[in-house]
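The primary structure of each chain is shown beneath.
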Amino acid sequence: QKEVEQNSGPLSVPEGAIASLNCTYSDRGSQSFFWYRQYSGKSPELIMSIYSNGDKEDGRFTAQLNKASQYVSLLIRDSQPSDSATYLCASTGNSGYALNFGKGTSLLVTP
Amino acid sequence: NAGVTQTPKFQVLKTGQSMTLQCAQDMNHNSMYWYRQDPGMGLRLIYYSASEGTTDKGEVPNGYNVSRLNKREFSLRLESAAPSQTSVYFCASSKGLAGPLDEQFFGPGTRLTVL
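Protein chains in written order, with my numbering: chain A, 1 to 111; chain B, 112 to 226.
Read the hints as simulated data drawn from the structure, not as lab findings.
The structure presented is a predicted model; accordingly, all values stated were derived computationally and were not measured.
There may be inaccurate statements among the hints.
Said to hold, decoys possible - Here's a subset of chain B near chain A, in silico, CB distances under 7 angstroms, partners left out:
(1) G153
(2) L154
(3) L156
(4) Y159
(5) A161
(6) F201
(7) E214
(8) P219
Said to hold, decoys possible - With a straight-line Cα cutoff of 30 angstroms, these simulated BS3-like cross-link-like pairs (lysine-lysine) come out:
(9) A:K56 - B:K206
(10) A:K42 - B:K125
(11) A:K103 - A:K67
(12) A:K56 - B:K125
(13) B:K120 - A:K56
(14) B:K168 - A:K67
(15) A:K67 - B:K206
(16) A:K56 - A:K103
(17) B:K206 - B:K168
(18) B:K182 - A:K67
(19) A:K42 - B:K168
(20) B:K120 - B:K168
(21) A:K103 - B:K125
(22) B:K206 - A:K42
(23) A:K103 - B:K168
(24) B:K206 - B:K182
(25) A:K42 - B:K120
(26) B:K120 - B:K182
(27) B:K125 - B:K168
Said to hold, decoys possible - FRET-style restraints, in silico, Cβ to Cβ:
(28) B:S191 - A:S26: 32 to 38 angstroms
(29) A:R28 - B:D167: 21 to 27 angstroms
(30) B:L212 - A:P111: 31 to 37 angstroms
(31) B:P194 - A:R28: 35 to 41 angstroms
(32) B:G114 - A:R60: 36 to 42 angstroms
(33) B:T197 - A:G29: 29 to 35 angstroms
(34) A:A17 - B:A193: 41 to 47 angstroms
(35) A:I18 - B:K125: 45 to 51 angstroms
Even glycine gets a Cβ: it sits at the ideal position worked out from N, Cα and C.
Let's have the full structure, built from the sequences with the hints guiding it.
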């Protein structure tokens, strides 16, 4: 079973703080990793993708990948109430096509 | 560009009825996907089409059929709906690089209830 694990939360952070979302995966063949944001009743929206070890920054978002530890994280700096959503971590397997999704972490940013 | 569009947005069926969910993309993507999302289960792949003319089963294909009508359109058919197929269905598409960072983009979803 190729699994992607996330803490379901909710993770509550105050406005302006750094939110740290974590994800682990079991398939060592996974090549690429994606973070999606999903607001309640809406579809997943891609916010970050990463395939090399290390950090990748895009605005307030930083994705971190450690393939040796099979660990992916997403940092959101200067968190805003509008960041309150469920964040889905996904990985690709050997086929390169199918995405394996975690069940998501609920983030609540309080004013 | 509209991106990925899906019809209908909502549907209620009775057990045993059939229906087809429609999906279209205008991004000239090669690959298209159908997922279902259930509370506590996350997103699960039903079928995918790596390129026009090909389709493959995903994690939960039973009870579904698909058709890749052309490069733009990928439909999902429920031949005899069951209450277990009550779910939110998402279509997605990607360039289809089969390599690093083949990013998938999702449609707005179809909320299906089977009574």
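Restraint status (C-alpha distance of K56 (chain A) to K103 (chain A) at most 30 angstroms): holds, 23 angstroms
Agreement of hint F201 (chain B) with chain A interface, Cβ distance less than 7 angstroms: Holds, because the Cβ-Cβ distance from F201 (chain B) to chain A comes to roughly 6 angstroms (cut-off 7 angstroms).
K206 (chain B) paired with K182 (chain B) [C-alpha distance capped at 30 angstroms]: holds, 11 angstroms
Agreement of K56 (chain A) and K206 (chain B) with the hint, judged by alpha carbon distance not exceeding 30 angstroms: Status holds; Cα separation ~22 angstroms.
Residue hint Y159 (chain B), partner chain A, criterion CB-CB below 7 angstroms: With a minimum Cβ separation of about 6 angstroms from chain A (threshold 7 angstroms), the hint on Y159 (chain B) holds.
Hint consistency between K42 (chain A) and K120 (chain B) [alpha-carbon to alpha-carbon, up to 30 angstroms]: With a Cα-Cα distance of about 11 angstroms, the restraint between K42 (chain A) and K120 (chain B) holds, given a limit of 30 angstroms.
Pairwise hint evaluation, K168 (chain B) against K103 (chain A), where the allowed Cα distance is 30 angstroms at most: This hinted pair holds, its Cα atoms lying about 21 angstroms apart.
Agreement of hint E214 (chain B) with chain A interface, Cβ distance less than 7 angstroms: holds, 6 angstroms
Given hint K168 (chain B) paired with K125 (chain B) - CA-CA distance at most 30 angstroms: Roughly 25 angstroms separates the two Cα atoms, so the pair holds.
Whether the CB-CB distance between R28 (chain A) and D167 (chain B) falls inside 21 to 27 angstroms: holds, 23 angstroms
Restraint check, 7 angstroms cut-off on beta carbons, for L154 (chain B) near chain A: holds, 4 angstroms
K56 (chain A) paired with K125 (chain B) [C-alpha distance capped at 30 angstroms]: violated, 48 angstroms
Of the numbered hints given earlier, the model fails hints 12, 13, 18, 32; all others are met.
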